[in-house]
Every structure is written in structure tokens, then in C-alpha cells.
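If you read the protein sequences in the order shown, they are chains C and P. So for the first sequence, this note's numbering puts the first residue at 1; every next one is plus one. So for the second sequence, this note's numbering puts the first residue at 1; every next one is plus one.
Among the hints, a few may not be true.
Residues from chain P shown here face chain C by an in silico Cβ test under 8 Å; the list is partial [as the list claims (entries may be wrong)]:
(1) G395
(2) I504
(3) H507
(4) A654
Because the hints were derived from the structure by calculation, they are not lab data. We treat Cβ as the ideally placed atom computed from N, Cα and C, and that holds for glycine.
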Amino acid sequence: MKDILSELESRRDMARLGGGEHRIEAQHKRGKLTARERIELLLDEGSFEEFDTFVAHRCTDFGMEKQRPYGDGVVTGWGTINGRMVYVFSQDFTVFGGSLSETHAQKICKIMDMAVQNGAPVIGINDSGGARIQEGVASLAGYAEVFQRNIMASGVVPQISVIMGPCAGGAVYSPAMTDFIFMVKDSSYMFVTGPDVVKTVTNEVVTAEELGGASTHTKKSSVADGAFENDVEALAEVRRLVDFLPLNNREKPPVRPFFDEPGRGEKSLDTLIPENANTPYDMKELIEKTADEGDFFEIQEDFAKNIITGFIRLEGQTVGVVANQPMVLAGCLDIDSSRKAARFVRFCDCFEIPILTFVDVPGFLPGTSQEYGGVIKHGAKLLFAYGEATVPKVTVITRKAYGGAYDVMSSKHIRGDFNYAWPTAEIAVMGAKGATEIIHRADLGNEEKIAAHTKDYEDRFANPFVAAERGFIDEVIMPHSTRRRVARAFASLRNKHLSNPWKKHDNIPL
Amino acid sequence: MFKKILIANRGEIACRVIKTARKMGIGTVAIYSDADRQALHVEMADEAVHIGPPPANQSYIVIDKVMEAIRSSGAEAVHPGYGFLSENPKFAEALAAEGVAFVGPPVGAIEKMGDKITSKKIAKEAGVSTVPGYMGLIEDADEAVKISAEIGYPVMIKASAGGGGKGMRIAWDDDEAREGFQSSKNEAANSFGDDRIFIEKFVTQPRHIEIQVLCDAHGNGLYLGERECSIQRRNQKVVEEAPSPFLDEATRKAMGEQAVALAQAVGYTSAGTVEFIVDGDKNFYFLEMNTRLQVEHPVTELITGIDLVEQMIRVANGEELTITQDDIKLNGWAIENRLYAEDPYRNFLPSIGRLTRYRPPAEVAAGPLLDNDKWQGEAPSGPIAVRNDTGVYEGGEISMYYDPMIAKLCTWAPTRAEAIEAMRVALDSFELEGIGHNLPFLSAVMDHPKFVAGEATTAFIAEEWPEGFEGVELSEDVLRRIAASAAAMHRVAEIRRTRISGRIDNHERVVGEDWVVNLQGLRYEVKVQADPEGATVVFEDGSSHRVTSDWTPGKQLAELMVDAERLVLKVGKISGGFRLRSRGADLKVHVRSPRQAELADLMPEKLPPDTSKMLLCPMPGLIVKINVAEGDEVQEGQPLCTVEAMKMENILRAERKGVVAKVNAGPGDSLAVDDVIMEFE
Chain C
1 MKDILSELES
11 RRDMARLGGG
21 EHRIEAQHKR
31 GKLTARERIE
41 LLLDEGSFEE
51 FDTFVAHRCT
61 DFGMEKQRPY
71 GDGVVTGWGT
81 INGRMVYVFS
91 QDFTVFGGSL
101 SETHAQKICK
111 IMDMAVQNGA
121 PVIGINDSGG
131 ARIQEGVASL
141 AGYAEVFQRN
151 IMASGVVPQI
161 SVIMGPCAGG
171 AVYSPAMTDF
181 IFMVKDSSYM
191 FVTGPDVVKT
201 VTNEVVTAEE
211 LGGASTHTKK
221 SSVADGAFEN
231 DVEALAEVRR
241 LVDFLPLNNR
251 EKPPVRPFFD
261 EPGRGEKSLD
271 TLIPENANTP
281 YDMKELIEKT
291 ADEGDFFEIQ
301 EDFAKNIITG
311 FIRLEGQTVG
321 VVANQPMVLA
331 GCLDIDSSRK
341 AARFVRFCDC
351 FEIPILTFVD
361 VPGFLPGTSQ
371 EYGGVIKHGA
381 KLLFAYGEAT
391 VPKVTVITRK
401 AYGGAYDVMS
411 SKHIRGDFNY
421 AWPTAEIAVM
431 GAKGATEIIH
441 RADLGNEEKI
451 AAHTKDYEDR
461 FANPFVAAER
471 GFIDEVIMPH
481 STRRRVARAF
491 ASLRNKHLSN
501 PWKKHDNIPL
Chain P
1 MFKKILIANR
11 GEIACRVIKT
21 ARKMGIGTVA
31 IYSDADRQAL
41 HVEMADEAVH
51 IGPPPANQSY
61 IVIDKVMEAI
71 RSSGAEAVHP
81 GYGFLSENPK
91 FAEALAAEGV
101 AFVGPPVGAI
111 EKMGDKITSK
121 KIAKEAGVST
131 VPGYMGLIED
141 ADEAVKISAE
151 IGYPVMIKAS
161 AGGGGKGMRI
171 AWDDDEAREG
181 FQSSKNEAAN
191 SFGDDRIFIE
201 KFVTQPRHIE
211 IQVLCDAHGN
221 GLYLGERECS
231 IQRRNQKVVE
241 EAPSPFLDEA
251 TRKAMGEQAV
261 ALAQAVGYTS
271 AGTVEFIVDG
281 DKNFYFLEMN
291 TRLQVEHPVT
301 ELITGIDLVE
311 QMIRVANGEE
321 LTITQDDIKL
331 NGWAIENRLY
341 AEDPYRNFLP
351 SIGRLTRYRP
361 PAEVAAGPLL
371 DNDKWQGEAP
381 SGPIAVRNDT
391 GVYEGGEISM
401 YYDPMIAKLC
411 TWAPTRAEAI
421 EAMRVALDSF
431 ELEGIGHNLP
441 FLSAVMDHPK
451 FVAGEATTAF
461 IAEEWPEGFE
471 GVELSEDVLR
481 RIAASAAAMH
491 RVAEIRRTRI
501 SGRIDNHERV
511 VGEDWVVNLQ
521 GLRYEVKVQA
531 DPEGATVVFE
541 DGSSHRVTSD
551 WTPGKQLAEL
561 MVDAERLVLK
571 VGKISGGFRL
581 RSRGADLKVH
591 VRSPRQAELA
601 DLMPEKLPPD
611 TSKMLLCPMP
621 GLIVKINVAE
631 GDEVQEGQPL
641 CTVEAMKMEN
651 ILRAERKGVV
661 AKVNAGPGDS
671 LAVDDVIMEF
681 E
């Protein structure tokens, strides 16, 4: 009996060694942790329960039958993050370079199926050389099985991908369909075709880092939602993100004890808006001063900085924030910012996360590059996302809300629940100067007259009261009371129930 | 008494004067420029008059505009504060012409003391000690030696046209004087084309010590002790204290009496300051007289209990002083630290912008001011005093148009050591964000052994930080206390995280006792034993610290008791840890479980990118122009690009010769601090 028990222990020890001491050392030398070490950091200490420890591949080609390590290059199972359940898979680069075989894929599929059934997020840690070439089409089939599950799980449980090594070729499409992708600087990359193929086909010479490193994907492509210095930091931040997310689409977002006064006034916000309407200010100050304890988890911080997206808590409960950033491109909407915010709004709506919108938008960015790029359809994505969202929506206009962009930014007309404006708000078709030049075209040559008309227009329309007269703004609020007002608004919406007409699914302008 | 007084100033000094005027029941009128519409002094005053655009030469120092404000408001008296029009005789004359009282000395006194040569002459005649020297032209080396010997060594041999240390020699004996004269003369001829030379006494270990005088129009004059202002950076005072740790009673009396004699020699009335330079042997020499209220006046108020602004107003109203020299007692010790919007890590570059956070420590009243019922403002009383004179508020703006001073933080205590300790805690508690500021540097000064010993001379900052300020290295003992605090705080934050909703019942995360604190490359393995009152943090060597605090996650200021000592930390968030600031140090602290720490040790140390070949944006701003293209060779000093920040165009120049490898930004781009504008080969 004792022998049998110790047999299990020795088999487990073998499985835990993955590709062996040498490869573990090599992994560490690259500044990377092993699959199991990563899981240890991601989950509460001692909470990991492994599945399929002893799974091995079934390939008999190319001499593969001689090497059948336990686990087959991926560690799967479940555990807890601050006591809440999550499912996890972590690819083991020390075993066949983390390559994906049929059985490797089956392990991933198993925990994804359980995650959907049991209502818990899936966190995938990617560190894989790609398909297991020796298995051929079986490996490709494996990918597709995972893809299909990513699709089915989308909107049911949160899916988070952490790229901690290579992720190339077909492999990129699994993370691509998850809700969030995080990368590790200098040790991870993602691309559909690598530098060698690029060089052969297009003669472009590019490094893996330039082609698909963390910087590329957080700043240029927007494939990744954030990048961190190393594995330890990345996994700590994923834990922090999970604390904001509900476990599934049937649950409300989590609540945790908070140490902040819901009615906290911020006198300094009364002077946030500069005297000159063209002077920028930092919208993040408003977000941080509104949030519980100033805590803000930003999503896509380095991309389309003219809009800010991320999570805060109000009275301990998660709220998604979308805010125009006047510091960048005057906070205008363009292709990138519309896409960025639209995807964020849809994530929040999927998972019942209320949405807070801070508006200071002078309109859409004009120009051929925008029109040629299809800003019409991209802008429509954000409009669509806001309009279809049924979660509580609270909007505060701090300064400009001009033209179509006013409609888009969670206006009353697209089912905003609370639409507040600061006294500094200007809700109008366009800025005073532009409007005057159209209305009083006849006086265009006469500077004095135009100046007088502009002043008239400003006096009449550069304020929140015209909109308030029509009820498009529910109330004009003092900037210093924003946190209290917004917190109370969401509190009153805790039992909001709104549903859209039955449809198979909508047809958002992708 | 006057019914209404106009304060021809802005910022903290305007607020300061308003406080006393209000206490005396006098109505107050503020003046303001466009940049100060929302300023604190405007809000505090009973009424406010707009006087023009932001630049001071179009508003605050335009006599006509100020006179118009006086007429329109009907003010009967004007307090000029310091700077601006405070020492402008024309302004005093204009006021006199319209029968408005000037809260300051008579025009004649301002004029006489305003001229360096005249004031020195008058001082000499009044029996005030001046720096011995020979102002005439010196023919040859022999004459130079003769004069030097008469003055007494050491002497300074200076070129008349000199500057920046050129053409300047210090001589300690005849031979050096002969040599120094020749080389100074040659250097002066070469550098300035003017070889005139003069010689004066070289003051060794110089200290800047000044006497506060107060005179009325009835012939009474007295001195209110001294202030030591030796800690200066490029002639800008940074730290002041009263009394001076250096003076003895006899010197104080001699300086005080000479100061009063000088004031009376010019018919001075009101408060004024006579500045001296004092050498290592306590010889003192007259420098100049400031015919106004001094920035650092609060330290004198704190040790004498006399409200100087009140005295100035009474004197201006023609009243006779009710205090005599015998009434003046110097009680306890007061220290002032000037908080400037200057970034010490960037060679004290002025920093302007929005004060996103401004929470000064709570004011506490104590000392003679409290005894004499002269405390400005409202504050609870205590064994030590904390006073903060300021003109800003959270959400306010530090503008480019005026002095970058944010506040004058003063502490008073019965002894110097206690006053210093009170200042350290006050600085630690001062929350200031949004702009660069010198708080860490002030903390460093307060902890510097030379300052603590009272041995700082005017060369203190230049000598102790010759390469500029790069932060503070805390002692091992303080670091351990901070590590213990961080571990206890981390535990509190982690426990809160486990209280989230949606947990699996009965399978909750248990927060452990063992932690590894990583701080500035140091590693402490600790055990946090918590109980309802606090936590005992035990270190590897068995020693422990007892930490108690009401800190909760998110609080930006942690006030802790570590053993029996107070520790105040500013707490910020960094990825996976805390940013803790205290005593001028800025620490990144990570608290991890032993296993997390073990894995973290495997992470590669990433060196910060080498920025020596990059042009970084020094301030948040907009690129207006890029002057060079990739591949261009640039010379030292050549303009590279123009960054507009706060409506001001800043030209960034090449620091050395090089070739532009890459330009990362173009006109119209808005950049943050340290964004890379261009790279060099």
C-alpha cells in the first residue's frame, strides 16, 4: 500500500519537473518563470487544484512515442483569487516548447467547458512555440477546438490572456478572442507571421520585438490591453483586475469593503476646468478623485489616449469608466478611440458592470485619413455599444459636448439613466466660432459683427442650460459634488432592469 | 484707526496681512491680475479690484493702476507686502500726494537705504560695522599689499567688472596678495577688458544674520532679535530660524543696537530689517537694510509674540509703540521652511501647474504668540506650534508669472531640537502633488548633521550638495521602521482583499504572517503578529517593532507610531507595491509572501534605458517646432525644438555635439514629462 502511495508521489514529482531541471534553468535565465510558478503567483497560496496531470500525447510519428512527458506542455486546473474561483491554463515552455498538441488542446478545452458550466473566469497563460508540427492537422484541430470554446465563453465568463513568451501563428487567435490580453515587456511577443516570413515575403527587416512585442501591441496595434515589467508584476496586476470582475454573466460585479466616504466632496474639482476653453486639463484627476480610494485600473492606457477606459469602484462596487481626455487631441473621437471605448463598453454590458462616462468632446477628428479609414463605421461602434447597453449608465458632461459626439457619449437619448452636467458644460452643435460662421455667413467679412454674433452664440448656447431646459440633462451639478452625485445615482440604479428586443444577435458595424 | 486697507500684493503675504487687518477690525481690499482671479487672497479680502493682465509689470507694479484701485475702493492705507512696490519711493510719494497712509517707512528712508553705496556710507557714519575695504583704484601690487595689510587678512581681491568668480582671488598673506593682485588684474583684462581692481575683507565662514527693527514716528526704536537665514540657494533664502544658533547675547545686543541706530539715522518708522554678514569669529558687517516686511518675519513673531503687521499698521496710523526694548523676550525657537514649486531632482527647475493635491499639516497654536493673543488665524493650541502662511489651495494654480513660492511652513517649540523635529513631521505630513516641489530637499536639510548642529554657513547648500540634490539615503534604523510599517500596512490591505463578495464559502484565502519586504534593494524577512491594537513586526534577528496606526487602504497619508516614535508616510500606489515617501526619501516598497519573494528574485533586473543620448521633454507641453531633421549634425547649444508649456515657449538646445538619429515627435504633439523627443547617435 505504502509503495502505491509513494508511486503517486514520484509520478507527481516527475510531472512537476516538466521539461526537466535544465530547461527550467534556461526558462529562468530568460527572465521567465515556469508554468507552475506562474500559477502559484496567480492564485491564492495553496489553492491550485490540478487536472490532467498525467495526460500525455498520443503521437507516434517522428519518434515522438519515445518522449511522452506528463502534462504535455500545459498545466491546467482551478484555484482561487482572494477566495473567488477561477480556471487557469498555463503553457509549459519547458515541454516541447509549450507547443500545442491534440491532447494539450483537450486539457485546455476541459477547463474551459467547466468554467462556462460553473461560471468562473478563465485565465490563460501563453508561452508556446505554436502548433506541434509532428502532429500536423491534429494540432490545428486542437486550436480550432479552443477557438470555438473562446467564442462560446465570450460574454458568459470573463476570459483573460497573459502572454508570457512566444505566441505566434494560429495560436494568437485564442487570446485575440478573449476579453483582455496582457503582455510582459521584453519577454513576450505575438504575431501571425514571424520576422523570417515577413522578410521572405515583403523584404521588410524587423525584429520579433518590433513586430509583436509588448510595446507594439499596447501602443500601435491595440491588440494588448496592458504590459508589465516582468512575470511577477503581470500576475499581481491580473489578480488586481480579477478583483474588479464578476465571475460570470449571471452575477453582479463584486463588492468589497471600502474605506472612503461616498459623499466625499472635492473642492479642487471646482477649478479643474481652465478659464480658457481651449486649455487642456487632465481628466484622470477627475476619475481618481471620483473613485473609491483613488483606485483606477486602466485598460489600454497607451493606446488612443484621447479616450480613457478602465475600472474603478464606487461604494466598493465595480464601475467601468469611459472618459474623453482633453490632454490628447483635445479629447476628440476618432477611429482608434471609438474602437477602444466601444469594446470596453460592450465588455461592461456583457458582465453587468455599470458605466460611468465623463464627457469633454469637441467632436470627431476631421480629415482624409479618418474618413478613408472608415471613421463613420468605427464611430458608429461606440454609438451602438452605448445604445444597446442595458447596464446602469451615468454620464457627466464637464465641458464640451459638441455635435454628433455629444449623442455618442452616452447621452440621454441613447438611454442614459443619469445625465449630469457641470456648470462649465457647453452642449451645442459645435463651438461658437464655427456655428457663427455658418449661421451668419453674410457677415463673414465683418470681424466686428462676427465677434458680436459669436458672443451672442456663446451666451445663448455655451452652457448646459439649453439642454437642461429640454430635460436632456437631468441636473446641473457642482463639480465638487461629483463623487456623491454619481455614487447616489448608481445606488439608485442597483435594481435597474432593462432588456432589448429578442434577437439572435445584433449586427454591430464591425 | 483706518477703516479700510488695501494690500498692494498677492499670494501668501496678501493673505497674511488680511488676517491681521481682519483681527483689528479693518476692512480689506485685494488687487488682482487676470491670473489671480481665483486666488486665495481675492477670496479672503472683503473686496477685490482687478488691475490688469498677468505680468506684474502690467498689473501689480503699475503705480497708476494701484492708485486707481485705492481711489475706487476708498482705502485709507496701503500695505505693500514685500517685493512689487514695497520699496519703491515713487509709490510712497504717490500715496503721500493723495493723503493715503503707506504702511511702511517714510520716502526718504526708502531712498537712502535703497542705494547700496549711500546706505553703506550712512551706516558707517551711524557707527554700524561695515565690511572693511578699499573702493578706490589700486595702482600696483605694492599698493595692493599695503591696503590688504591695513584691512587685515584674509582679503578678497576682486575685479570691478567681475562676475562668476572670474578675476577673484582670496589672499591670506602679503605674498598671496601680491600674486593675487597680478593674476586678478590679468584675468580681468582678458575677460572683461577692464582691469580695475578693488580689495575688501574676506569674510570666512559667513552667515547671514539679520536684525528685525521696529520704529515709530515718535522717536522710539527697538530691535526684535535676529533671524538667521544662512541656508540659501543662489541667494534665495530657503530655511530661516530665530533666534540664531550662533549668536551670543553680547553680539545680539551689539547688532541690535547698531541696527536701531541706523534706522534712526534715516528717520525710519515701521518694521524693517538690517542684514549683516557674520564671520566665524562673530565679527559682523552691515550688508543692507530692507525697508519693508520680510518674507521670513513669522519666525520673529513666533519667538517674540509680536504681530509685526499689526505694529506696522499702528505705526502707520501715527500711534506710539507701547512696547519697550525691555518687553522683548526671545522665547523658544522658530524655524521657517520655504516651500517652492521647484523640482530639486531637476536642478530646482521651476515647476508650474495645478496643485492636484494640497493638504498642509494642521496648524497648531503655541508659544508667545498664543500667550499674547496674537495668533493669526484659528488653530487648536498645543505644546508646539505649526504655522503655514500660504496663498494657494488644492486645485489652485502655481502660475509662471510670479514667485514660485507655495507656502512658508513654520514650527515653534521651546527648544531648537524640538522645533526641528516638529518641522520634520510637518514636512512629512505636507501633501503636495501635481507639480515639482522642494519638500524632499527641505527634509534633507532638516536631517543634515550640520544644520542640526547649527553650523551651516551661507555656503551650506553649495558645499553639501555640490552635484545637486539626488534624494536622501535614510539610515538603516529608519528603513527598518518603514519596512515594519509597510509590512503591517500590506497585511491590512491584503486582508481587505479577501473580504470581497463571491468567495467560495469555507475555502477563503488566509492571509499569512510571514512577509518579505523589499525596499531600495534591501530585503527584510519579517513576521507580522497582528492584534486588535496593532501589529508587532518581528525581524529575522529577533528584534521587533511595534506598529500602530489607523491607516486604511487608500489613505495617502499614514500616521503611524513605530515603538514610541511617530512616523508619517506618504503612501502612493505602484504596480504590486507601495511608493512611500518620508524624510525626503522616495521609496519603492514591495511586500511579498516568502514564495512570491523567492520567485521575484528570479526576475531580471531591468536597467532604466540610457537617456544620455536622448532629448527628453522637460515638462508637459506641446511641440511647436522641430528645428532639426534625422541625420543632422548639431552643435552644442543649437536649438533642437520648441516646447510650449503654459503659454510659454521653451527652446530646448543640444547639450553637446552630435548627430540626430531619430525624431520621435512632431509639431502639434503633446508630450508628458520625460517623453523622448529625439535620439542621438
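Each hint, compared with the structure:
About 3 Å separates the beta-carbon of G395(P) from the nearest beta-carbon of chain C, less than 8 Å, and the hint is met. At about 6 Å, the closest approach between the beta carbon of I504(P) and any beta carbon in chain C falls short of 8 Å, and the interface hint on this residue holds. For the restraint placing H507(P) at the interface with chain C, the shortest Cβ-Cβ distance is roughly 7 Å, inside the 8 Å limit, so the hint holds. Taken as an interface hint, A654(P) does not check out: its beta carbon lies about 27 Å from the nearest beta carbon of chain C, beyond 8 Å.
In summary, the structure is inconsistent with hint 4 from the numbered list given earlier, while agreeing with all the others.
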